[in-house]
Amino acid sequence: MNEHVLDCFGEACPVPLVKAQNKMKEIELDDILVLQIDHSCAMKNIPEWARKEGYNVEVEEIDDGEWEIIIEKNK
Amino acid sequence: MTETSNAESSNVKTSSIRRSSSSQRGSRRKKAKKNQIPYGVALFIGLVIIGIFLNLKSEKLALFWVTGISFGFILQRSRFCFTASMRDPYLTGGTSLTRAVLIAFAITTIGFTAIKYGAHVQGLPVPGMSYVVPISFATIIGAILFGIGMVIAGGCASGTLMRVGEGFWMQVLSLVFFVIGSLWGAHDFGWWKYNFISKGKAIFLPDVFGWGGALIIQLALIASLYVFAMKYEESKNQ
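As you go down the protein sequences, you meet chains F and V in turn.
In case it helps, the UniProt record's numbering puts the first sequence at residues 1 to 75.
In case it helps, the UniProt record's numbering puts the second sequence at residues 1 to 238.
In short, the hints are calculated from the structure, not lab data.
Do not take every clue at face value.
For each label pair, taking beta carbons as the anchor points, the in silico distance ranges come out as [stated by the list, open to error]:
#: 1; chain 1: F; residue 1: GLU61; chain 2: V; residue 2: GLY111; range: 28 to 38 Å
#: 2; chain 1: F; residue 1: LYS75; chain 2: V; residue 2: ALA186; range: 46 to 56 Å
#: 3; chain 1: V; residue 1: ASN35; chain 2: F; residue 2: MET1; range: 32 to 42 Å
#: 4; chain 1: F; residue 1: MET1; chain 2: V; residue 2: TYR131; range: 53 to 63 Å
#: 5; chain 1: V; residue 1: TRP211; chain 2: F; residue 2: LYS75; range: 50 to 60 Å
Glycine included, C-beta positions come from ideal geometry on N, C-alpha and C.
Go ahead and model the full structure; you've got the sequences and the hints to work with.
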């Protein structure tokens with residue numbers, strides 16, 4: 001199980017989403033993607049997309065206005 | 001929607017996803033968060049004081065102040081994004097925001113019809129008729145330019161303003177060029193109006209179909225778009 005961290009601080013929507021989509025294709029099964037964002041809208045559309053794909057998703061607020069979205073490639 | 005907020009509220013240390021030990025990177029940068037409530041209280045008092053001050057000058061200004069703040073607050077809390085409503089169907093196959101916008105259109109259709117019909121029945125001039133303008137190539141060109149711009153900038157007008165208020169600095173840049181673009185557009189608008197827009201014919205639906213007919217046709221169109229959005233989302237999820 002590997003963990004991949006994608007730094008998307010300062011990127012506006014939809015860049016974090018597109019990066020996440022591409023990265024999820026690359027990584028192997030059971031890997032985890034940690035997406036670091038500070039754009040509030042990305043916090044809505046990335047979990048929505050990932051849940052729709054059937055992945056496990058967690059959102060953690062690591063600081064004021066900064067979040068980590070943790071996506072598990074479980075399928 | 002609820003799922004997202006659940007995940008947000010139960011944020012710390014309840015992660016069901018097992019993260020490797022190296023992943024404590026995330027927690028390492030976690031510092032004690034500042035309590036923002038005092039700032040919030042100070043801001044609220046400031047807003048009320050400015051509101052009272054504006055009300056002394058003119059009631060209209062105070063109304064704009066209150067509606068503007070409410071609008072921004074609702075946009076921020078709901079993450080209502082017009083850009084995403086047009087972009088996400090293509091990008092993620094999700095149409096929840098698209099359908100939210102369609103519902104907003106339906107509500108405004110009913111509200112504006114009520115206001116305009118009310119004025120019409122009383123024999124007053126119908127308000128907002130200056131916005132009934134011909135459809136032309138300028139509309140299409142403008143829509144395409146605006147669409148490209150808002151996706152690159154990561155937000156439409158309201159989204160950009162809201163994000164600047166949230167403190168997202170990159171979009172201050174969008175705001176600067178948004179202002180420049182608007183001024184430029186206003187400067188050239190006369191030329192477009194003379195050469196393209198005024199050549200078309202302005203259509204006000206109630207003139208053509210009657211007030212009831214126009215309302216029903218517009219709502220039916222919105223409803224069919226809503227159904228189309230739902231079907232589209234289903235087909236994308238197959």
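Output the indices of the hints that this structure fails to meet, ascending. Of the numbered hints, all hold.
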